[in-house]
Each structure stands twice: as structure tokens, then as C-alpha cells.
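Residue numbers (the numbering used here), protein chains in the order written: chain A, 4 to 249; chain B, 4 to 249; chain C, 4 to 249; chain D, 4 to 249.
Errors might be hidden in some of the hints.
Copies of the same chain are indistinguishable here, so a pair counts whether it falls within one copy or spans any two.
Stated by the list, open to error - No farther apart than 30 Å at their CA atoms in a straight line, the calculated lysine-lysine pairs in the DSS-like style are these:
#1 Lys128 x Lys185
#2 Lys241 x Lys171
#3 Lys185 x Lys38
#4 Lys38 x Lys48
#5 Lys171 x Lys125
#6 Lys70 x Lys38
#7 Lys244 x Lys125
#8 Lys189 x Lys38
#9 Lys125 x Lys189
#10 Lys224 x Lys189
#11 Lys70 x Lys171
#12 Lys229 x Lys189
#13 Lys38 x Lys125
#14 Lys48 x Lys70
#15 Lys70 x Lys185
#16 Lys125 x Lys185
#17 Lys38 x Lys229
#18 Lys38 x Lys210
#19 Lys70 x Lys224
#20 Lys241 x Lys128
#21 Lys70 x Lys125
#22 Lys171 x Lys229
#23 Lys48 x Lys189
Read the hints as simulated data drawn from the structure, not as lab findings.
There are 4 protein chains.
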Amino acid sequence: MGFINCVNVSMVSNLINYPLILVNLKSYSETMGAKAEELAEITQKISSDTGIRIGLAPQFTDIQRLKRFEIPIFSQHIDGIFPGAHTGHILAEAVKSSGSVGTILNHSERRMLLSDIESALKRTKEVDLISVVCVNTTNVGMAVAAFDPDIIAIEPPELIGTGIAVSKAKPEIILESVEAIKRINKNVTVLCGAGITCGEDVFSAIKLGSSGVLVASGIVKASNWKNILQEFADAALKAKKDEGTE
Amino acid sequence: MGFINCVNVSMVSNLINYPLILVNLKSYSETMGAKAEELAEITQKISSDTGIRIGLAPQFTDIQRLKRFEIPIFSQHIDGIFPGAHTGHILAEAVKSSGSVGTILNHSERRMLLSDIESALKRTKEVDLISVVCVNTTNVGMAVAAFDPDIIAIEPPELIGTGIAVSKAKPEIILESVEAIKRINKNVTVLCGAGITCGEDVFSAIKLGSSGVLVASGIVKASNWKNILQEFADAALKAKKDEGTE
Amino acid sequence: MGFINCVNVSMVSNLINYPLILVNLKSYSETMGAKAEELAEITQKISSDTGIRIGLAPQFTDIQRLKRFEIPIFSQHIDGIFPGAHTGHILAEAVKSSGSVGTILNHSERRMLLSDIESALKRTKEVDLISVVCVNTTNVGMAVAAFDPDIIAIEPPELIGTGIAVSKAKPEIILESVEAIKRINKNVTVLCGAGITCGEDVFSAIKLGSSGVLVASGIVKASNWKNILQEFADAALKAKKDEGTE
Amino acid sequence: MGFINCVNVSMVSNLINYPLILVNLKSYSETMGAKAEELAEITQKISSDTGIRIGLAPQFTDIQRLKRFEIPIFSQHIDGIFPGAHTGHILAEAVKSSGSVGTILNHSERRMLLSDIESALKRTKEVDLISVVCVNTTNVGMAVAAFDPDIIAIEPPELIGTGIAVSKAKPEIILESVEAIKRINKNVTVLCGAGITCGEDVFSAIKLGSSGVLVASGIVKASNWKNILQEFADAALKAKKDEGTE
Chain A
4 MGFINCVNVS MVSNLINYPL ILVNLKSYSE TMGAKAEELA EITQKISSDT
54 GIRIGLAPQF TDIQRLKRFE IPIFSQHIDG IFPGAHTGHI LAEAVKSSGS
104 VGTILNHSER RMLLSDIESA LKRTKEVDLI SVVCVNTTNV GMAVAAFDPD
154 IIAIEPPELI GTGIAVSKAK PEIILESVEA IKRINKNVTV LCGAGITCGE
204 DVFSAIKLGS SGVLVASGIV KASNWKNILQ EFADAALKAK KDEGTE
Chain B
4 MGFINCVNVS MVSNLINYPL ILVNLKSYSE TMGAKAEELA EITQKISSDT
54 GIRIGLAPQF TDIQRLKRFE IPIFSQHIDG IFPGAHTGHI LAEAVKSSGS
104 VGTILNHSER RMLLSDIESA LKRTKEVDLI SVVCVNTTNV GMAVAAFDPD
154 IIAIEPPELI GTGIAVSKAK PEIILESVEA IKRINKNVTV LCGAGITCGE
204 DVFSAIKLGS SGVLVASGIV KASNWKNILQ EFADAALKAK KDEGTE
Chain C
4 MGFINCVNVS MVSNLINYPL ILVNLKSYSE TMGAKAEELA EITQKISSDT
54 GIRIGLAPQF TDIQRLKRFE IPIFSQHIDG IFPGAHTGHI LAEAVKSSGS
104 VGTILNHSER RMLLSDIESA LKRTKEVDLI SVVCVNTTNV GMAVAAFDPD
154 IIAIEPPELI GTGIAVSKAK PEIILESVEA IKRINKNVTV LCGAGITCGE
204 DVFSAIKLGS SGVLVASGIV KASNWKNILQ EFADAALKAK KDEGTE
Chain D
4 MGFINCVNVS MVSNLINYPL ILVNLKSYSE TMGAKAEELA EITQKISSDT
54 GIRIGLAPQF TDIQRLKRFE IPIFSQHIDG IFPGAHTGHI LAEAVKSSGS
104 VGTILNHSER RMLLSDIESA LKRTKEVDLI SVVCVNTTNV GMAVAAFDPD
154 IIAIEPPELI GTGIAVSKAK PEIILESVEA IKRINKNVTV LCGAGITCGE
204 DVFSAIKLGS SGVLVASGIV KASNWKNILQ EFADAALKAK KDEGTE
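Taking the hints into account, I'd like the entire structure generated from these sequences.
Written out as C-alpha cells, the structure reads:
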């Protein structure tokens, strides 16, 4: 018997399987433009070697550049709008046609109105984008589960960017939120994030019941992308294998 | 004696001269992705033939695709942030490195906090982006002039998308705002917009003292981009020549 | 057998029972200051005569004036903040100490961030305020139910202020949302609103399963407050009695 | 020769003269409800004894309670709306009829859209409210001056609540902003704020050219309101007298 959360799930054209490592490049200059391509190159190699799916969420303007890599690219946000007179907005069709397979929504640095989360999620379904909705608490996760997103990423905001892993500081929030979210909607996959900086954090996160991690500075600011991504992927692989052999 | 507003001004690497026609592609599907490239191709040809500068402001994800054209590309918005932990934001460095020469700010469909307009304008100066701040009234234009933007575009929101040209419906707002804005800051260039759909609208706008137009549906939704852009460019050229010969 | 939604429920110091008619005074001048007191006087009389609970949600500055009436007073909004350095915000303790027994949250004219709805609801529980969270769709209602509010008011925004009653135009949304919300959280009471202008609308709303109505212009803009409130209360009473005798 | 900024100016029904001490009660529990009345009582006494005008800006729900005192009461915010269907908004007419003589706008804890500042200021003029627009920098002050507010309060946000007085930490920002704002619009009165905690801070602020101070925690959190207000008023009086005798 194993973690049901780590079974590969055919979903949105098989672009994603679990455990998933999703790297949010935020507005970091370390991973902008040509440097985003460099990271994508490394990511593609390690993902191919280990079989662990690793996605990147670059800045909007860099989505186009990363299209050619065989890794899943996510947008950092979309607005719940339809094509039309919306200046400066992020259209679902635009991120899709630029090469994204999914989008983050409601990140703690880009909180959304409740009604906009609903409309943005409708747009992801219409254009076939994988949705990753960030939440700060189990209760918010339960609320979002009612909207039937693909993935909910639970990130205690007070740990973001600290290097103190959620899986170490608040293991109970992972256990509790996975259970509570699945109770509302068993089709939702749960990731966790905040403070993830090493393989051990990834391993514990998966062991605690999440289907992978959402990470940003832990990868972006690491001195050696190849080493840290390898460490993350190995840890995810180990957690996955544990499951298989049990 | 002529319109001082139409003299060519060397500015931000000579990328812009006046009169300027700036086309805001908003989130229209008619001008997304490959279709944005098609429009850029036509724009480049007409701009080259007439010598009238025509800029395009595509969706963020399309900036990269339009980089190769010899026309000025504008972002539809930037946030007043520095590189760092800002998920889903628009970074000045990112739009610049993707190929933009400037950015629209405070469009009526993307209104900004007063304090954010100031910080975003600081960022445009730091990374050498041409700033086009949209305002709804002469008073707001005067306020913005204190921030020393490159261009202020005055657009009465009630006329946007109506096909009723600001130069016809409210000629006095152009006269008045150009005068008032220049009184506060003579280095600011004034464009006008809202409801511009034909060459005559462009001609009147320039004759009334603006240095060009900000247009969206008037071009995007036109049945023939080549014809309408030619008509706009010819009208701008005529207005410019009138000035030269006076 | 009757409507379980209309049984009187002892709750938050017995201040509320059902069916409830909640009148949102918005920023209407017709019901501001002394005129709010006039409406409260009439409301108190009719409520006392019929036994039907009728609440008023005046502007923040008028809460104090309505304290003396024996009717439940609601705030139109609170922020999810604690006492402290928050200029221009609405503090739970402040509306409570001024005489409110509850507060509306997330009205379509004052939409809130998902995370702020959670924190504002926490504050209502801490200071013992009845919470009425407005939602635009059944799905949003289900999401909010996870936060365990006292009341959810479902209001299709496209009907607000139209005079076309939700109970006539979209009876299925009432049936469906009551059922769906109760499935997530059976302790939540459901009101409905939008377009309610006559006794018949109130009667149908309750018959369809809601525990009362949220109404604004239907009362505020009526030519005779006494008559319209009497009509609403009589209809609510009739719906309640129907239940008792079945 | 003296400070022209301290001359008494007849304005908005003589309710205000300068130097002005404006105390922002924010959402502090120390000055809520009955405690706001206690502070108003002390304020009224000291203001009457010294002749120095001291205003209070309580929470919206407390405006009504402070109406009876002979001191100027300010709202902490208004929205740029007209009476109508605006739930949870702050209407100019409502704060006026509750007893306010003016309102703060664009406080750093309640930043406003540029276009909303303009519309809110229009409303203050229509209902005859004194406007106090907060700004964070000299440039923002110059921008706001174009809207012709009554008072601009310059508050470097990084000093708010620190106890490090703007008049000590950044004297040049007071000198510079008073000069720059007056150059754009000589009718505007300039206050300064942030970190003001003692009489000396008040004295320096006025000596540097401001017409008074905007203060919050420096008064609210003081152990003895009577003593601290007396100290502030005495310092303002001394600064005013210095001017008269020079």
C-alpha cells in the first residue's frame, strides 16, 4: 500500500504527473530572459534523467522563450477575463498559446477576489490549462476545493522565502489540509510550499501526503541549479519509490 | 509658424518621433499571437513607406514575438517593483529585455494607485523605457505632469470603444489639456485617444495640438488593417506637412 | 412537514430569527441620517406587530443613530483587521460597540479577496457578530460555506437593482444553492436577494427554500416605507405559517 | 518677518486655523467609542485654553459621538462616489451630516487610485469638507497640488509609527515639499507627519515651514493624553508666537 497521492495520473494531455516539482521564478532577475532558458535546459535534462516532472513558472514575457523545452510551463497568474477590451490583463488564451500548460492563481503575492478566482478557474477549464491555486490556510483550501481546481498549493505565507520548510515547521498543516481538501473534493491534488530548500524538505513534504512542492527562492537563489534540482528530483524519486515498494 | 508638438524629437534612442500613432492591442483575440505578427508586418511596411512612427502595445506574452519588427513595441502596463519576490507582476526589466521600448501606465482599464504611478515611472527612467501615462481628465493630466513622464495620453473613458472621436466630441479637452499639461511640464508630449476610427479623427487630433493618437478597436477591429493604417498614417503625414509649410 | 429553513433558531443572543428580511441601505441618500431613523422607527413597529425579524444595514456613520431601536442593525462591511494602525478601515470591534449585531461581507459592490473573507469571518466570530456573506453563484456559496459563516446571501449580480426578482427569474439558483450550501455546511442559513420588490417575491423566495431576503432599492426607493415593509412582513409571515400548518 | 504658513486663514466656515494639530485615531482600540469621547473632552479643553486648533479623525462609526465637541472632526477616508448603490462605501454627505468638517484622503494605510483621488476631492468641494491628502514624497505632493486640495500632509511612510520624527530625520523633505507644493498651487496648506512624539517635533515641523502636524500613535499611545496634548499645543503656540514677534 502506498501514497495514493503519488500515483501517476493522466491529466490535461499527460503533461503532468506526480510527484511534481513546480518552480516559481517570480520576478527574480536571476531567472529572467536568457537565464530562464538556461534553467529550463538544466530542468529538462534532470527531468528526463529522473523521470520526475519539474515545471517552471517564468515571467509572462518569458513564456514564449521556454516553449521549446520539454517541461511543463506555467503562467504566474491569469485574470478571469474573456478576449476583449482589457488593457494590461493576463488572458487565458494568451498564456496558453504562448506555450503554458497551466497557471498559478491567488499566490500570496497576487491575492485575488473570491469572485475572480471562480471566473479565472472557469477560464482555465475552457482553454484547458492546469490550475494551481495557492492558499494560506486549510480553511481557504477547503473553500477553493469547491471550485474544482486541478491543484491546490498550500503555502503558509509567514514561511515564504524564509528557508524554514513548511514540512518541518508545520507538518500538521500538510496532513490536515490534504485530508480536509480531499474530503471536499477528492479530485484535487495538493502541493505544499514555503521554505523548501533541500531534498529532505521535498521528501518529507511527499511523505506527509502532498503530491509535490511549489518552490521559488530555494531553487532560483541556489548557487548551483544543476545540483539543487538533482537533489530535489532524487528526493521526489525516493519518496515515490518508497510508495511503490511498500 | 507651426505646431511645436509635431517637430521630430530625438528621444530614448531615437525610437520615437512625432506625430505618433500608438495602437493598443488590449486583450483582443484579433491581434493575439501570430495575428499580432501579421499586424506588425503591415505596420512596419506602412511606417517605413510614410515615415510616420506607429507603435504597437501587444499582450505581455506577445512582446517577444514582435521584437524582430522595426517598429516601437510598448508594454500595456508595468508595476513599480524591483526584481524579486513578486509573483504575477510586470517587471520593467522584463518588458525591456523582451523587446519593449516603452510602456503604457494607468490605462482606464488598469487604473493605478497614485503612489504606484510614481514608483512605476521611476522604474521606466531607470531602465530607459518611454512612459505613456493615460489620464481621464485635464486635472489628472496636470497631476501626472508633475512626475515628468515622457508622454501623457488623454482619453475620456466615456468615449473609449464608442467610435465617437474625442477630437470631434470634446475638441476642447485636447486644446485645454495640452495647454495645461505643458504649463506644468513643457517636456511632456500629449497624445489623445478614445473613439478614433478614421484619418479625419487623426488629422483633427493633431491639428488641435496633440502629438498623435492612442487607438485600439479603431485599428484592431477594422476589416482591413492595411487600409486603415494607411489612412491613419496619411492623415498624420498631412497634419505634419501642414505644419512644415505654414 | 415544513420548511426546516423557517424554524426559529436561537442564535447570537437571540437577535435573529427566521425568516429574516435584511434591508441594505447602501449609500442611498433616501435613508441617510435622520431618514435612517425614520425608517428604523417604522421597521421596529412592523416587526413588533408581525413578529417577523427585519434588520437594517445603514451606512457606518449611521450605526450609532440606530442603536436605540429594537431591531437588528448590520454593518455593510468589515475588514479582517485587528485594532491598530489601519486608517480608513472598518474594525469589527467598532461596528459592534456602535450597536451592530452583525455585518454584511463581500457584497457585489464591495468584493473581497478570498483571504480577507477568511480573516474578516474570524473577526466576526471573535467579537460575536452575525456574518452575512454575499455570493454571486452557487459555487462561490459552496466555497464560502467552508468558512462556516452564519448566513450566506445569494445574489445574482445581474439582477441587483433591476426589479426582476431572483425568485422569479432564477428560481433554480435558490433551490440549487440552498441544497449545495447545506451539503457543505448544514449550519449555514441561506438568504437570497436581487430584484425583490413585492410581497410575492418574498413569499416565493422562502417557499423555494431560502430563509429570508436581502433587499435594498425595493424598500429604500419605495414610495411608502410603511406599506412596503408591511407587505414584505405579511408575505414572510404567510410563508412561515404555511410551514407550521403543513 | 514670519512664517506665512502660520497666519490664521479664514476657511471652510472658520473651522480651521493654523498651526493645526490633526490627530488620526486610526483603528486603535485606545481611542474607540467612549474613549474617543474622553480624548475629545481633553482636546476641547486644551484647544480652548491655548487657542491652538486640534482636530480628531476617529473611526467612521465614532464620528457621530464626537459631534457635540467644539473641535474639528475629520473622517479618515471618503470614496469618490455619489449617493446611490454603493454598499460598504464612505459617502461624503454621510461623514458631513454625521459631524465631520473634513476628511483625510490617500493615507499610506489607505492608498487610492489617482482617478479616485480626483473624484473624492470633487466630492469634498461639493459638500464643503476640508480635504487633507496624504502623500509620501514631494513629487506626489506636487501631483496632488494640481487637484487643489485644502491641505496636503507629507508623511514618509518609512517613519510612520517609528517615533523618529520626520522633522528630525528628514527636515529637508519638509522644506522642499512646502516650497514645491506652493510653487504648483499657493493656496494649498502643508502639514507634515510621521514619527511626531513630542513638543519639540511639533515646533521644528512648523519652523521648517509646515502649518502643523498630522499625528497618530504619538498622541493615542501616550500614557497621559492631557500632558502630551498640552505639550503639543504649547509647542505650536510658541512656534506661532515666534512668527508674530519676528
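Here's how the hints hold up against the structure:
no., hint, result
1, Lys128 x Lys185, "both (20 Å within a copy, 26 Å between copies)"
2, Lys241 x Lys171, "within (18 Å within a copy, 59 Å between copies)"
3, Lys185 x Lys38, "neither (38 Å within a copy, 42 Å between copies)"
4, Lys38 x Lys48, "within (16 Å within a copy, 33 Å between copies)"
5, Lys171 x Lys125, "between (35 Å within a copy, 26 Å between copies)"
6, Lys70 x Lys38, "both (14 Å within a copy, 18 Å between copies)"
7, Lys244 x Lys125, "neither (35 Å within a copy, 41 Å between copies)"
8, Lys189 x Lys38, "neither (38 Å within a copy, 41 Å between copies)"
9, Lys125 x Lys189, "both (19 Å within a copy, 26 Å between copies)"
10, Lys224 x Lys189, "neither (35 Å within a copy, 45 Å between copies)"
11, Lys70 x Lys171, "neither (35 Å within a copy, 45 Å between copies)"
12, Lys229 x Lys189, "neither (35 Å within a copy, 51 Å between copies)"
13, Lys38 x Lys125, "between (33 Å within a copy, 25 Å between copies)"
14, Lys48 x Lys70, "both (15 Å within a copy, 29 Å between copies)"
15, Lys70 x Lys185, "neither (33 Å within a copy, 45 Å between copies)"
16, Lys125 x Lys185, "both (20 Å within a copy, 23 Å between copies)"
17, Lys38 x Lys229, "within (13 Å within a copy, 38 Å between copies)"
18, Lys38 x Lys210, "neither (32 Å within a copy, 47 Å between copies)"
19, Lys70 x Lys224, "both (23 Å within a copy, 29 Å between copies)"
20, Lys241 x Lys128, "neither (33 Å within a copy, 44 Å between copies)"
21, Lys70 x Lys125, "within (24 Å within a copy, 32 Å between copies)"
22, Lys171 x Lys229, "within (24 Å within a copy, 51 Å between copies)"
23, Lys48 x Lys189, "neither (33 Å within a copy, 51 Å between copies)"
Hints 3, 7, 8, 10, 11, 12, 15, 18, 20, 23, counting from the list given before, are not met by this structure.
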